[in-house]
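Each protein sequence line maps, in turn, to chains A and V.
At position 175 of the first sequence the residue is numbered 174 (numbering that gives the first Met the number 0), and the sequence of numbers has no breaks.
At position 130 of the second sequence the residue is numbered 129 (numbering that gives the first Met the number 0), and the sequence of numbers has no breaks.
If you are wondering where the hints come from, they were derived from the structure by calculation, not from laboratory data.
Heads up, some of the hints might be wrong.
Chain copies aren't distinguished; within one or between two, either way the pair holds.
[Said to hold, decoys possible] Pairs of lysine-lysine, DSBU-like flavour, derived with a Cα cap of 30 Å:
| hint | residue 1 | residue 2 |
| --- | --- | --- |
| 1 | K377 | K169 |
| 2 | K58 | K169 |
| 3 | K267 | K377 |
| 4 | K377 | K34 |
| 5 | K34 | K169 |
| 6 | K267 | K169 |
| 7 | K220 | K34 |
| 8 | K34 | K267 |
Bear in mind the structure is a predicted one, so any value in this text is a computation, not a measurement.
Number of protein chains: 2
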Amino acid sequence: MAQPLPVSPLARPMPELGVVRGVRLGAAAAGIRYKGRTDLVLAEFTPGTTVAGVFTQSKCPGAPVDWCRAVLPTGQARALVVNAGNANVFTGRAGRQTCAATAQAAAEVAGCTPEEVYLASTGVIGEILPVERITTALPALHAALSDTGWDAAARGIMTTDTFPKAAIRKTRINGTDVVIQGIAKGSGMIAPDMATMLSFVATDAALPAAVLQTLLRVGVKTTFNCITVDSDTSTSDMVLLFATGAAGNAPVADTVDALTDPALAEFKTALDDLLRELALLVIRDGEGATKLMTITVSGAVSDESAWRVAMAIGNSPLVKTAIAGEDANWGRVVMAVGKCGEPADRDTLSVSIGGVCIARNGTVTEGYDETPVVAHMKGQDIDIAVDLGLGNGTARAWSCDLTHGYIDINGSYRS
Amino acid sequence: MAQPLPVSPLARPMPELGVVRGVRLGAAAAGIRYKGRTDLVLAEFTPGTTVAGVFTQSKCPGAPVDWCRAVLPTGQARALVVNAGNANVFTGRAGRQTCAATAQAAAEVAGCTPEEVYLASTGVIGEILPVERITTALPALHAALSDTGWDAAARGIMTTDTFPKAAIRKTRINGTDVVIQGIAKGSGMIAPDMATMLSFVATDAALPAAVLQTLLRVGVKTTFNCITVDSDTSTSDMVLLFATGAAGNAPVADTVDALTDPALAEFKTALDDLLRELALLVIRDGEGATKLMTITVSGAVSDESAWRVAMAIGNSPLVKTAIAGEDANWGRVVMAVGKCGEPADRDTLSVSIGGVCIARNGTVTEGYDETPVVAHMKGQDIDIAVDLGLGNGTARAWSCDLTHGYIDINGSYRS
């Protein structure tokens, strides 16, 4: 972008971050695309760190996504390298070589194997990533790593983001205090199908990779997979979750049921909560966003069906422009329900905005007074609730409005 | 809208329209929503006129859609009533009563049964349609009907449209000259799933309703069902095709195979061509549109799969904003292919813009020179071609760019 973007009106201040024992990280300005800002992040993990990951469902994934998928089965991680400004997507053999060279360079400074290095890239698609700028910058970046480098890392992975995103939770596993801390970036091309581009979370808990993977897979279902800015799914989406074990909690067998084991219950709640906070920070920085939309769907034939209805509402350009215009145009919500292909019956459908039931059983509520709804539309947080009246399926999704800012940003992204 | 919208830069002048023997039509200002313009259209068909129709697949269809679906099985039509400004959607029992009263009033002036009257409404969703304004206006409107009323009808069905849309074809059935003439409206909420809101076509050919229905069903598949402005499918989409029989061609049995019978071949080609022209006129009036995008997909595993890929590209906000910004950001085309869930292989994928192959087999073409593509992007007609390299499936779809104009129009539609 020629001009720095104004900070989103929905931005939240960075929380006071802590340390995750076993993780040291930092950022450097490698000059990959942006001038005068950091664009390269390195994190190093203590030996024995386990890892879980979820990735974009795109059929055209970036080379770093392919790399991470290939090394993930070992469940072991010692380093993470992230660059902003170039996504290393649709770059063919050159892109694969870039990944191998970056992993090799990071392995040398971290004293591990390339297969213990995780890679992520974000930025423009289809341009060759100048890998030597990364490999040249890594030794000095490694020498400066610190366990307080989280803020710098959150800033170093930004692209069209207007504010850095991080969250922290303190929780317990079987009586032992542990911390979970993560960062995220994302602003456009946001309709994650397994995760959003990009989020990295670490904990000092000791957890087997298989348990970690289950917790992450289930955690993103109701968080990162329930947000959308523009219905466009990135080729580079990725959430990685690292567990260093430095907290020294009692070992967790890799055969436990991660979703029901009482020893993990508190941790699971904290992780889900943190993932939701990070996901919402991404929507709060949705390109051009001025309002945060929370869409609650009930009465669907299944949770999956409710999710599809919620996402159809959140993705509808006409709903999103109505929100931008502070217009309580609930007819467009009806349209979005009707178009999405899920079971729905006009004559059992109810729509509420801001807690006011506007339409019920296929027609407008008798004596409907638009006044409180008009007031609600002027706020930053817009609540839309739909009850399909068919079953017990529920879902909640988050989106933002569609404004001139989105057009400004995306009509000239590469210039 | 408070201010009349400027005419789309992609607008086409109205063609010189003819007469379809057996059809008389006209428009009146009934004051349904708009001031100082026509908003009610009546067409009367000669006895024996057959009819075919395709309708929105929305689960929340408008009352007029329900009405037309219910009366269509008879295959007979004597009148058509269309109003603009209020869609009569999500209006419950009142909406059904409005339809019955309108059909009754039209039947009285046309001397037919209510079941021979077809109804369509377009405009805002969820508001009660003031039916008495329609029924009051019908007798005078009927008295003024004329076989040259096509231009007035094309204007009377407009909402956010910035120019009237019509097309004409002269063709032959078994040696007899026949004419096909139609009108359309549509500008936003355009992602038809069986048809777009709204198009009405008439021919003086004599054709059984079953044959007409087959021709229309197949005809919309590659025309109206291949256009999108904003991925939002209207609750009111409808294409009706009337055949008055006034041309006096040799009778066509209702048992012929409409798609392969040689006597119908020329007519079928002309009808498909006319439907495509009307569909493209709708895209040319896409809300805020400044460029017409033609998307050609080949090498897919099936035609259906190719269609889904083409529509994913045409619906992507990031592709559409890049076109608006005259940015040959082909990486976003790759993203759209990757996200849509259809079989695709990054490493066999090719992308061309303006006839220039930019990327092939998963990476940018060697020695790619962006100069001719940059020049192409500055034009009004943008051609995007994708070859998936997997099979023989092909499809073509049409869309438009996403500009500030779309936000302006839709952030304040009800005000």
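Hint check results:
1. In this homomeric assembly, K377 and K169 never come within 30 Å of each other (Cα to Cα): the closest approach is 35 Å inside a single copy and 54 Å across copies.
2. In this assembly of identical chains, K58 and K169 lie within 30 Å of each other by CA distance neither inside one copy nor across copies; the values are 37 Å within and 46 Å between.
3. Taking the closest pair of Cα atoms, K267 and K377 never come within 30 Å of each other, the shortest separation being 36 Å inside a single copy and 52 Å across copies.
4. Only between protomers do K377 and K34 lie at most 30 Å apart by alpha-carbon distance; the minimum there is 29 Å, versus 38 Å within a single protomer.
5. Within a single copy, K34 and K169 get their C-alpha atoms no closer than 37 Å, and across copies no closer than 62 Å, so neither meets the 30 Å cut-off.
6. In the homo-oligomer, the alpha carbons of K267 and K169 lie at most 30 Å apart inside one protomer (12 Å), although the nearest pairing across protomers, at 69 Å, exceeds that limit.
7. Taking the closest pair of Cα atoms, K220 and K34 never come within 30 Å of each other, the shortest separation being 36 Å inside a single copy and 50 Å across copies.
8. In this assembly of identical chains, K34 and K267 lie within 30 Å of each other by CA distance neither inside one copy nor across copies; the values are 40 Å within and 60 Å between.
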